[in-house]
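Peer 1: Those sequence lines, one after another, are chains A and B.
Note that this note's numbering has the first sequence beginning at 7, numbered continuously upward.
Note that this note's numbering has the second sequence beginning at 155, numbered continuously upward.
Hints are computed from structural coordinates only; laboratory data are not their basis.
Heads up, a few of these hints could be off.
Dumping the calculated DSSO-like pairs for lysine-lysine here, alpha-carbon to alpha-carbon at most 27 Å [what the hints assert, rightly or not]: (1) A:K81 x B:K199; (2) B:K193 x A:K49; (3) A:K81 x B:K196; (4) B:K262 x A:K19; (5) A:K49 x A:K81; (6) B:K196 x A:K49; (7) B:K258 x A:K19; (8) B:K193 x A:K81.
Given the structure is predicted, the values throughout are model-derived calculations rather than measurements.
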Amino acid sequence: QVQLVESGGGLVKPGGSLRLSCTASGFIFSDYYMNWIRQAPGKGLEWLSYISGRGHAIYRDSVKGRFTISRDNAKNSVYLQLNNLRVEDTAVYYCARQNALFRVALDHWGQGVLVTVSS
Amino acid sequence: DIQMTQSPSSLSASVGDRVTITCQASQDIRNYLNWYQQKPGKAPKLVIFDVSNLQTGVPSRFIGSGSGTRFTLTIRSLQPEDFATYYCQQYDDLNPVTFGGGTKVEIK
């Protein structure tokens, strides 16, 4: 069955960096676009970025230049590099799979990983 | 950004009730509208994609409809496992993909 497992979260000071990982299993990873979405405590969902199977990526403006999505199809993994973190980046970060090539419908999600930015 | 406005933000209902949640987009998003269910402490789950297509494994009591800027999610006969927060999401404009603010369905 499809499984996505995130790791790499934690506590970091403002201005710091983290690298989140999401390891997939149960499907042909390279065939799917992968997304990152976050959810601040008690708030709604915020889409951040996606990456195609071949590595084409797009971002929301508020994280462009600070966050970088990447993937390693040989390792069935997608990553999100978080740089210059701000207090307002505190959230649970989810990776999720798109269910079709040009349809951003997220049919499988990881369990989420908490990133806390605080001094 | 395309704004997605959900109403109500919360509702109380009983098991067996028919519940309708509305999602209004700030511009025409064609049929690029999905719905998710999220329970506390859990990741969201895709319920409906492209307005009215039921995701595999989702019960047929979930019905999506709408077009253009106004969309609805109806739960025909609310079951105990349906108490959750529901989010709509558009992907007509990828810059950026946006979600509604959520509708919390609580037990009356």
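Peer 1: Hint by hint, say whether it matches the structure.
Peer 2: Consistency of the hints with the structure:
no.	hint	in the structure
1	A:K81 x B:K199	holds (25 Å)
2	B:K193 x A:K49	holds (13 Å)
3	A:K81 x B:K196	holds (26 Å)
4	B:K262 x A:K19	violated (43 Å)
5	A:K49 x A:K81	violated (32 Å)
6	B:K196 x A:K49	holds (14 Å)
7	B:K258 x A:K19	violated (33 Å)
8	B:K193 x A:K81	violated (30 Å)
Violation of the numbered hints given earlier is confined to hints 4, 5, 7 and 8; the remaining hints are satisfied by the structure.
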